[in-house]
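S.K.: Residue numbers (our numbering), protein chains in the order written: chain V, 185 to 536; chain D, 185 to 536; chain H, 185 to 536.
Just so you know, the hints here were simulated from the structure itself, not pulled from any lab data.
Everything hinted at is true.
All copies of an identical chain are treated as equivalent in the list; a pair is satisfied when it fits inside any one copy or across any two copies.
Heads up, simulated EDC-like pairs for lysine to aspartate or glutamate below, C-alpha to C-alpha not over 20 Å straight-line: (1) Lys239 with Asp226; (2) Lys459 with Glu389; (3) Lys239 with Asp273; (4) Lys459 with Glu492; (5) Lys459 with Glu474; (6) Lys239 with Glu260; (7) Lys459 with Asp490; (8) Lys390 with Asp273; (9) Lys459 with Glu383; (10) Lys459 with Glu386; (11) Lys239 with Glu258; (12) Lys239 with Asp227; (13) Lys523 with Glu508.
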Amino acid sequence: MSRKDLWVKVATPLTLTQVADLVEGRLDGDGSIHIQGVAPLDDASPVEMAFLAMKRYGRLVSTSNAGAYLVSSEFEYLIPAGLPKVVVDRPYPALRELLSYFSNEGDLSPGVHETAVIANRVHLGSGVRIEPFVVIEEGVSIGDRTRIGSHSVVGSESTVGTDSILHAHVVIYPRSVIGSNVVLHSGARVGSDGFGYTEINEVHEKMPHVGRAVIENDVEIGANTTVDRGSLGDTRVGVGAKIDNLVQVAHNVQIGAHSLLAALVGIAGSTRIGKGVWMGGRASATNHLEIGDAAQVAFGSTVMRDIEAGETVSGSPARPHREELRRQANIRRLEKLQKRIEILEAGSGDRD
Amino acid sequence: MSRKDLWVKVATPLTLTQVADLVEGRLDGDGSIHIQGVAPLDDASPVEMAFLAMKRYGRLVSTSNAGAYLVSSEFEYLIPAGLPKVVVDRPYPALRELLSYFSNEGDLSPGVHETAVIANRVHLGSGVRIEPFVVIEEGVSIGDRTRIGSHSVVGSESTVGTDSILHAHVVIYPRSVIGSNVVLHSGARVGSDGFGYTEINEVHEKMPHVGRAVIENDVEIGANTTVDRGSLGDTRVGVGAKIDNLVQVAHNVQIGAHSLLAALVGIAGSTRIGKGVWMGGRASATNHLEIGDAAQVAFGSTVMRDIEAGETVSGSPARPHREELRRQANIRRLEKLQKRIEILEAGSGDRD
Amino acid sequence: MSRKDLWVKVATPLTLTQVADLVEGRLDGDGSIHIQGVAPLDDASPVEMAFLAMKRYGRLVSTSNAGAYLVSSEFEYLIPAGLPKVVVDRPYPALRELLSYFSNEGDLSPGVHETAVIANRVHLGSGVRIEPFVVIEEGVSIGDRTRIGSHSVVGSESTVGTDSILHAHVVIYPRSVIGSNVVLHSGARVGSDGFGYTEINEVHEKMPHVGRAVIENDVEIGANTTVDRGSLGDTRVGVGAKIDNLVQVAHNVQIGAHSLLAALVGIAGSTRIGKGVWMGGRASATNHLEIGDAAQVAFGSTVMRDIEAGETVSGSPARPHREELRRQANIRRLEKLQKRIEILEAGSGDRD
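I would like the entire structure built from these sequences, with the hints used as guidance.
M.R.: Written as structure tokens, this is what we have:
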């Protein structure tokens, strides 16, 4: 079964002129060509547009069967003259516009599946969709048009806002707060107890966790990611933040608005991430740190101290990126350094 | 909705004198003040106590609205004179005492939900709680007062001890052994096949995994953590060990009693972790290693060789911590070293 | 309850002569001894064989109660003369043969559990097993003899081939393609949206993900591993690839045939892993890279650039392994280097 069989194009085809209008781009070529979808350079058919926004994929153009190209002005020169194209300055928003036109997630009808278990004192908003085997515990409130996927569990006294999507197999622990327009992917766990113990008579006794996990509006949380509840006070993921798969957000962590955490990131207890921060995949931060607004933490870095607002850091332990580059260069020069010392020693020996 | 609405204080308020008695602390101030709960410094109201045990949070005291303070003797000086406080030598056990008094998880009633699927030859102890959509396969035994959360699956011929909690969405593979007073968080997977293959005719053929996963008493395992079964012989998590979220415990790993593994730790196959070991977040160890009792592995370290009992290691690959610090200092000095060589070369050149 | 109670040996015992025939090994000792199973050196009973294929476990032989030994020719000398043994050149395939004979997973009967929710337009092959609380959405096709474990969800318009096993709690997002003879462990998530946003007016707007996740034949995917769907074009895990627990495979990643990814590996978006590649535990690769066929990436390494076919790399950032070893050695020599410079400075100072 090919990709095309599965991904039915339900939208009306667009002419290339219409595409250029839609994405506010410049048309170069025959505007009457009909486009039925977008596909990768090496997979697009003559009725599809291919997309080019990175130089390294330019090599795929010569063998592409695409009917037309959506290309950033920066790499327009990589499309041979004569091939129809739409040129844009900001390629990703344009691609998003086009994909949104052609894609069709299929509207899911509202309703409560007969197998769902809904406890007492539960408020369900209008237009909610509650899928098979969902469990909604006592005192929960679910906002209008929110969808709770199969098997998901919403713990007692939690609230979920409007227009949110919990995919299948999400677990929300009791007393959590989930905002509106939030997306939680399969296996996300929100509000689990944090990793907090205190040693009494050589045994680790658990600290009660009386804080909450609070997920603000417009947040997306990836598959199998975990967000612990606070011990004292709340754990909070700020408005518009986006978190990838398999990320750990420990107790009492604060993540600022519109920050992005890529896959396998780990944030230890009580650390505060500012607004608009970027943390690359597998980056991590120890506990009780402050990472300032708009800081950038490179892929794989290990943050062991506070980071200033706007700073870009890399390495393990993470340092200002320029410093880390210089450090790497210094290490690379070590062999030459040794040779220079040997020459000095030889010279010195000659003289002694 | 504010934190206070959700987290209902059901316990009788305490006077500050009673608090001091409860935590065995020293009262400084008006002992008749009534306390209704504990909250963070920047969130506490006049009927709540705030908690201070780290210097870096001392700056929050001046703007705190807390009615009184629970403070470690070490940082007592950070609370301005005149503010009512209870001073203790060991702040975390005191906090735990106080939180346990005020918190109320809400007793969950025993019983078997009508939607649960219970196979033949299953023993359910007295006072168990089996929540909606639980699956208990053939030959399983569940001890007294144990709670099996919604959707959890207990595989055939497994045993779970008494007073344990499996939160929602736990999966126990067949023939696993879970002790008493164990807590398994949502998404924990216990007893999955290990990653063991042998190459036959250029294809990776799977090794049968006939060992078990054994979780001893008083263990807590975090959300979405995985503990594989043994290939030959068992994987074992020792009594009182605590494991955080998103940790990988591979086949035939042995984790000693009362060891602590923080989030995103990975232990490769057959490695043996001693008793009372600490592994910081994101630390990892390759396979077939021995990590001695009471060893400390720093946040983010990569253990590639055996570690002596009591040793503290850091870095990647992990070394004794002092050695790693010296190594980092040596690298930092590289630029000065280069300059010293340049000076020597200049001097040498002058003379030649 | 001991291991032996749980793991019932249902197979007829073998004589040591029969064992030698089965594994094509050389018998040394009494061929009439009866063997009922295989067990670890430190746990085997007189009716069981123990297994030795690593030097470091040779020390366990002197105290083992095993009735006989399966040993690699390389370490035959570690078994004292007089003890009955079967000697083989390739110990792991031999062990696999023996374990497969003695193990018995217990055939699970086919059928559809009465609690399963099966939508319209679903094709179920002959001999399928659909366990409790499974959800199969519209338009799904499940091949012959495939088993769908408790609570697993197969999203709309997805296909699963023949003879595959989805353990309990697997989630397949809509329009995914799962091949034949595939094993997906508990908590595996296949086809979740990738982490793709584009900034419009300072807000991260989500890119539609119209590609699929495609899992080819003979693949095994570990517990709580996540495989995102493609944004444009597909994410693909090639035939015979094996992926361990808690691994992240981002959108549009391609994993070549027969590659092995150990636990906690993370592959960022659009990176292409060749055929027969080995990635050790916790290794990672940034986005848009090419890792050539048969490349080896050491435990914990961070790949930040393309890797040639056949290359072995280690370190963070990952370099050719020999280069990384030299780099580490150079750093180790730094202290001696400093002393050599001090000597030179002293000499130079004397003369000035």
